[in-house]
Each structure stands twice: as structure tokens, then as C-alpha cells.
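Top to bottom, those sequences are chains B and C. Quick note: to get the working numbering, add 353 to the position in the first sequence (first position is 1). Quick note: to get the working numbering, add 353 to the position in the second sequence (first position is 1).
Worth flagging that the hints you see were computed from the coordinates, not collected in a lab. Keep in mind that a hint or two might mislead.
Stated by the list, open to error - Quick list of in silico lysine-lysine cross-link-like pairs, DSS-like style, CA-CA up to 30 Å:
#1 B:K736 to C:K594
#2 B:K693 to C:K492
#3 C:K736 to C:K560
#4 C:K736 to B:K736
#5 B:K594 to C:K492
#6 B:K492 to B:K560
What the hints assert, rightly or not - With the Cβ distance kept under 8 Å, some of the chain B side facing chain C (calculated, not the full set):
#7 V580
#8 A711
#9 G759
Virtual Cβ for every residue (Gly too), placed ideally from N, Cα, C.
Protein chains: 2
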Amino acid sequence: MTDPFVVVGGDAAGMSAASKAKREDPDREVVVFEMGEWVSYGACGLPYYVKGEIQSLEALVSVTPEEFREDRDIDLRTGHEVVQIDTDARTVTAEHESGTVVQPYDHLLIATGSAAVIPPIDGTDRDGVFTLGSMSDGKELREYVARARGGESLQQPDRGPACRYLENCTGPVGVVGGGYIGIEMAEALAENGFEVHLFQRGDRVLKGFSEETSEHVADHLEEQDVVLHLGAEVQAVSGGKRVGAVVTASERIDVEMVLLGTGVRPRTALAERAGIDLGETGAIATDAYRETNVPDVYAAGDCAESTHVVTGEPAYVPLALTANRHGRAVGETVTGRPSKGGDIAGTAAVKAFDVEAARTGIVDHDAAREAGFDPVSETVTAKSRAGYYPEGGTITITLTADRDSGRVLGASLASEYGEGAVHRSHAVVAALEERATVSDVENYDLAYAPPFNSTWDPVLVAAKVLSGTLQESTD
Amino acid sequence: MTDPFVVVGGDAAGMSAASKAKREDPDREVVVFEMGEWVSYGACGLPYYVKGEIQSLEALVSVTPEEFREDRDIDLRTGHEVVQIDTDARTVTAEHESGTVVQPYDHLLIATGSAAVIPPIDGTDRDGVFTLGSMSDGKELREYVARARGGESLQQPDRGPACRYLENCTGPVGVVGGGYIGIEMAEALAENGFEVHLFQRGDRVLKGFSEETSEHVADHLEEQDVVLHLGAEVQAVSGGKRVGAVVTASERIDVEMVLLGTGVRPRTALAERAGIDLGETGAIATDAYRETNVPDVYAAGDCAESTHVVTGEPAYVPLALTANRHGRAVGETVTGRPSKGGDIAGTAAVKAFDVEAARTGIVDHDAAREAGFDPVSETVTAKSRAGYYPEGGTITITLTADRDSGRVLGASLASEYGEGAVHRSHAVVAALEERATVSDVENYDLAYAPPFNSTWDPVLVAAKVLSGTLQESTD
Chain B
354 MTDPFVVVGG DAAGMSAASK AKREDPDREV VVFEMGEWVS YGACGLPYYV KGEIQSLEAL
414 VSVTPEEFRE DRDIDLRTGH EVVQIDTDAR TVTAEHESGT VVQPYDHLLI ATGSAAVIPP
474 IDGTDRDGVF TLGSMSDGKE LREYVARARG GESLQQPDRG PACRYLENCT GPVGVVGGGY
534 IGIEMAEALA ENGFEVHLFQ RGDRVLKGFS EETSEHVADH LEEQDVVLHL GAEVQAVSGG
594 KRVGAVVTAS ERIDVEMVLL GTGVRPRTAL AERAGIDLGE TGAIATDAYR ETNVPDVYAA
654 GDCAESTHVV TGEPAYVPLA LTANRHGRAV GETVTGRPSK GGDIAGTAAV KAFDVEAART
714 GIVDHDAARE AGFDPVSETV TAKSRAGYYP EGGTITITLT ADRDSGRVLG ASLASEYGEG
774 AVHRSHAVVA ALEERATVSD VENYDLAYAP PFNSTWDPVL VAAKVLSGTL QESTD
Chain C
354 MTDPFVVVGG DAAGMSAASK AKREDPDREV VVFEMGEWVS YGACGLPYYV KGEIQSLEAL
414 VSVTPEEFRE DRDIDLRTGH EVVQIDTDAR TVTAEHESGT VVQPYDHLLI ATGSAAVIPP
474 IDGTDRDGVF TLGSMSDGKE LREYVARARG GESLQQPDRG PACRYLENCT GPVGVVGGGY
534 IGIEMAEALA ENGFEVHLFQ RGDRVLKGFS EETSEHVADH LEEQDVVLHL GAEVQAVSGG
594 KRVGAVVTAS ERIDVEMVLL GTGVRPRTAL AERAGIDLGE TGAIATDAYR ETNVPDVYAA
654 GDCAESTHVV TGEPAYVPLA LTANRHGRAV GETVTGRPSK GGDIAGTAAV KAFDVEAART
714 GIVDHDAARE AGFDPVSETV TAKSRAGYYP EGGTITITLT ADRDSGRVLG ASLASEYGEG
774 AVHRSHAVVA ALEERATVSD VENYDLAYAP PFNSTWDPVL VAAKVLSGTL QESTD
């Protein structure tokens, strides 16, 4: 009898792999070691839990540990921290409060995920400084918000002043970082009545999106009374035992709490100690099947790098779908059906109050040139539904293509929430993945009816305009 | 100096061609003959005008005749009916109230559109029997609805009983045909307080969609108190001078008015008289550049057939985007940049009260087999947003692929209105057009965030399930 398929880490990649392996081969023994108590949780939902739109952390869990154990017959061991991988002996060593376990493996998946980046500045250890990566982070933040609101319901926040119940409350709160987490948490806090100061080191929020999308979102954040501090590198979080202010080169803003939304880094220490190679991005390197440099040892999810579908180069974009997809592919591979699970396009979506935005592929011209392309972009603003239809708004799309080949490289879109910027991006993702040209996209026979779009959907309008620009440049 | 580019018909295809030709070559003389007074109007908006959500017919016009003449320098002659094309002399003959014009052409575009089909039954000439194809149809229907409501505002219909102000009003109204027009008009009439009876010859509405989509929409129509008569071929519209009842083989339903939504047929008489070939669909046959069998004579829009992107065969799917796209391509071709304008996928979208639905490609298994495929379909129902997110509904997707190649052939989707069935279809259209396989689609890196979808968007869930079925059938 072979040794089991062992998985280190019980979140998206790990549990997808374990579940798929069991479905493909019910006789295969599958052991999962998870350091914490929570598995398979939707960390992406945490901002909405903190905001008060989701009432329990349990709601974020798609499958409980008991269900994994009983319904899926997975030997899931929570509270087990894997401290060593011996790739020669083909074992992992895990520590548990009751002792140490040495577990042999036949195939191993490292799915150790990512950790929030703590910027190297003074004061991040003061009370009242939070990150948002884990369920316990979410719990602490929600408790903080609830205290600040003095037990008022969070479910239907009224935007009244928050923080009025805390002793010595200084009112405002600081969010460091203008990425997804920063923006989603700015919304969660502002909707609970906090005065929110958002600090962004660069000159715009959502730097992976187009400048037009960044501006669109920034304008809306300001409309919602979020105070934006752009080009503001935070130098320290000052205060006493508790945080008192955020200090930048030019300002000192008094705050009652600070949320650090400054990105994540892959958890690679365990893999590195076992002699597993990291890639140029700093995450674990794998081949197209997620196998590392050590045979039968795989890595997937937030700890591993992927290949970018447009550039063909390694990329580190730790997001939930990739973790699910690659974990699932590993589960197939180790049970006898080699599966790649696909490349990534760096696709992402975010809701910011009443605005939605999405991006995919390569939008930044420097990044495109570095990948060997000659990028051309056009930005169009078009109605989201037929002009005469009583409802609707506008969508702004930046579409980027390679001048010579006409190949679509990426897109960035923004609209009012509900007007479809995010779901419009799906067509562009498909085009990217299929290496379509702008003139291919221009001729896509997309669905049309007045309650949904104009005859030429905004995606087609963007393709028409960009196609015209490409033609002019070759005429 | 060359003779002008002459266009017959001033709606989507004709005005797109004329406008594009002028943009490409401002010196080119462009003459458009339009039989009526309206040009470039959004007929797709007529149901919403009748419903009362759009306040004027003018709102449906994207560019006015004056703007075409003055801003775009197009010689637009409304009220001119072209009665003859002489392809040897390269002239068209048009009649106008002031006389007859013989106009030479260098290139000619036939864009004569379509006409509502009047089923060959007794009584369709009675008063109170309407079709909905032209602006004047829309005007008459709106006047009828307004009279029935006795001058009450149509803008915010309250679903109170309509038809209470008309003399001898029998109350109910009949809609014949369960396609887009039939369903949109059922909504328009029901929302104005009419008791609506919808008669469908076949056993389900929206026959081009999947059975699951048809059922989804039918159930919702019934929830909205539309009385569905399925498998009910209408044999006569009985009554006196005015319509009094719809008669089927098994029933006689008293009605006050009847709307015929029984499809359209291409207007081809003028072309046929000029010796221009029709295709197997009964519409004008063209090559990939929309050129007919007669050199320099093009046909585009609702009078012409297209090539289906999945089957590669001629297809007649008269819809607005195709007319725009093909008209525009002809405008480019006749000014020196040969353009195909792309194939069609038979993509369509419809709103039915609080439900939205879309379809694309080949969904019907008989049609797929006829085109040489071995079709396999799966239908999944998935949440439209993250399961824990406070808003959201469900999307039901039927995805169809070819067993051997795995190629995606088509899809049919339905959801609550606003939950994204229609915009989800865009990714499938792109996949079809790029000849992607189901396992390609399964690995698309689609945008994800909890306010928009689950980690695996419903499109990906459908692809995963169908991919599994295809694998089983080859294992």
C-alpha cells in the first residue's frame, strides 16, 4: 500500500487538492495538516464580516472540518503545525499540543498560503494596529468596530459617527495601502461611521489597474468622505501603548486604529528549509503541473508562483481562484490524471462603495514593454445600458493591445456597482487566454438587449476604438 | 468622378454603412434612400416605449436625419421607396411623392431589413391586431395602452386593472408568440395592468434557448400572472370589425387586442427582382464581405444571411448588432479597406420582468448533430455572488460542447434581473468565437470578489461539470 497524499495547509489550495484527490480516487488516503482551527474559509469575505453584512465567521466557511472528515473521508488534522519536510525520507513532521507526528507521504502538496506584509516602520506593534489575513484578524477587527459602535447593530450601518463609545477615542482611523484590502476595509469602516484616512505610497490607488480606473475609484472614495493621502509613504505609527497617529513625511494624522493593507508575502520558510526552490518572484517555483524542483512535491495557492498567460513568465498573484484551480489540478495529478490547472491573467475585481472595478492581463505599458510587446491603449466611456433605457450608468474601459500583432494584452474597467464592469471583464479574460486580437474582439457577437447594454456593448466599443488606433498606426 | 455609394434602407445596417463610408472617405458621395421618415432607430426599445418607460419615440433615435445630412454629409432621402435595381445599368429607381429618381451607383448596399410575419390565419386584419416592427407600430400600441389606461401615467405602472376606460373592453389581451418580442410585450402589457394571455405554438417559450432556460422564464411569467398557453397553435383571431377572441384547437380566449410576435422575414422582393440570389435561409446570400452574387452589390442587416461561427453554415438571425457590424464593414469595404465584419453566434438576450436570459451558439442537440457535432450538455445552478454575501441570487447555465473535440458549442443562461446571466454569456461568446474547449474555459482566470460571484464563477462551474462529463465519456 502506498503512503498517503499529504497536504500542508487547509485553506483553498490544500482543501481543493484533498477533496479532488478523494473524489478521483476514494481509496487514496489523504492527510491534511492545518496549523489553525479554521479550514477552507473565504478570507475574501472578511471585509464584509467586519462591515457587518455577514453575521458570523462560520458563514465564511464553505465546508467544515467535520464535513471534510466525515463526508469526504479526509484525515484532516487541525492544530498541527508542520515544522519539517524531509524530502529524502519522504516524511513531514508536525507538532501538535499532544506531541509530534512524523507522517510519510507518497505525494506532498505545500499549500502554506501567504501572510500579511508588515511594513518595516516603527510602531506596528502598538495596540490598535491590525492586518486582515486570517479569521482571527477578522474577529478582532469586528470586535473593535462593534465596541466603537457601542453595541449598535452593524448590519445596517447608518453612517452616523462611530467611535463615540470608546474611551479616549480620537475618532478617525487609518488604512495603509490602496489595494483591494485597503479599499474594501475603507468601505467597511466608513460605512460604520468612522472617518477614514487612506494612505497610499504611490500616486494612485489600485496600481495594477489603469490610471483611469484608479482615478474613477479615487474620486468615488472621496465622494464617500474617505480622506485620501496619495504619495504618502507612512514612516511610523506613533502613540503610546496604543496607536495615536499615522506619520508620513509631510503629515501627522491622529487616528484611533490602523489597518495595514500593504499586501501579502508567500509563506515559504518551511519549503526553503526542505531545499525547495523559490522562483524569481520569491514564491515557490513550480512547473506547469505545480510540481517543485523536488519530485512528487507540489506547491499551489498563495505560497507558489504561477505563469502569466500573456507574458509566459512567472508571476506572483495570490488570489483565491488560482488557489482553488491549482489545488484541484494537483488533486487530479496525484491520482493519475496529470492536470495543469491553467495559467493566470492577474484578473481581479473590487467593489468600492457604489463603484465596481476589474482588471486583467497587462495594462501597464512598462510591464508590457518588458514582456516584449509594443503596447497601445485606448480608454472609452460608454453607457452601460441602452441610452434611452430608464436605468443605467457608464462603464469606463481601458483596453491594451500589442501594436504589431494586435493581440489583446489586458483591460481595466470601472462602473457603478451593478452596471457590469466586472462581468464585462470576463469576455476580455477569454480573449486574453485565447490570444485573440482586438479585431477578433471587435467582431464578437455579444448579447444585446436594451436593459443590458447598447447595441455595441462597451467592450466592443473599446475594441472598435483601439482597432481604429492600431489601423492608423499601420496605415 | 465615380458614382456614389448608394444605400437602400436607412436603419441599422444602412446608416452604419453610410456613416462608416463617410468617415473613411469624406470625399465619397453617399446616398441613402429610406422609404419611411424614421432612420437609425432602436426598434429593440419599442417594448419599453409601449410599456411607458421611455417617454418619446424620438428617444429611440440615435442620430436624426438632420444630423446625418448636416454633420455627416450623407445625402439621406427619406420618403423614397426604391422600386427597382438595374444591375447592368448600375442604377436604382426610387419613387417619392414628388416623382421618380434614377440614381447611378458605384457600390450598392441593400439594407431593406425585415418585416413582421403575419401568420396565415383568419382575422389578422381585424382592428386591434398589432405587430411590433416599426416605429408606427410602436406608436399605435402605445396609444392603445394609453387609451386603455384612460390617460393614467404609463411611467410608473401600478399593475391595477387596465382596459377599464375603453368602451366594450373585454379586458384580457393576447400575445401570439413566445420569442423575445412576445415576452417583452407580455411584460409591457402586464405591467400596465392588462391580463395577458401568451400563446406559443411549441411546447416552450424561447425555443432557441435551453429547455432549462425556457422553463425558468415560463415559471416566472406565470408568477407574474401571465397566462401561458403552450402547445397552442392559434387558428384564428375571431370577432367583428374588432378582435374579440383568440381561437386555438382547444380554446377560445376572449381578448380586447392581439399582438402578433411571430417572428420576422427578410425583405427580399426588391433584390429578387434584380436577380440577386437568396440563400438557403430565404435571406439574401452574400460572401464573407457581404457582397451578393452581383459584383459591387452588397446586402447586410435583417435582409441578409450570415455565417454561423460554430457551424460555418449560413444562418438567418436578424438582430441589431449584426446589422450594425456588417453595415459598418461594408462601409469600410466600399471605401477601400475590405472588411468582413465577422460571423454570428446567434447570441441573444432578453429581460422578462425580473428575470434575464441569454443564449449563444448551438444549444439544441438536433441542430448540433446536423452540423456534425456529438453534443453533450450539462446544466448547473450556482449562486450569482458569494454564498455568504448578503445580496445575490442564482444563475442556471446550460453549457453544450462537442464530445470528441471538447469544443464549446453554445450556452443558455438565466438569472434574476441584475444577477448577471447576460453579462456572463460574453465569456462564452468569446470562447465560441475562439473555438475554445471546455477545459480551456474551465481554466479561465475570471474576475472574482464576493460582491460579484463565488470563487468559481457560475460559468466556470458549468465548465467544470461539463468537463467532468466529457472525461467520463472518454475514460
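Results for each hint:
1. B:K736 to C:K594: violated, 45 Å
2. B:K693 to C:K492: Status violated; Cα separation ~58 Å.
3. C:K736 to C:K560: holds, 25 Å
4. C:K736 to B:K736: holds, 27 Å
5. B:K594 to C:K492: Outside the cut-off at roughly 74 Å; violated.
6. B:K492 to B:K560: Satisfied, since the Cα-Cα distance of roughly 29 Å is no more than 30 Å.
7. V580: Violated. Min distance 24 Å.
8. A711: holds, 4 Å
9. G759: With Cβ-Cβ at 14 Å, over 8 Å, it is violated.
Of the numbered hints stated above, those contradicted by the structure are hints 1, 2, 5, 7 and 9, listed in ascending order.
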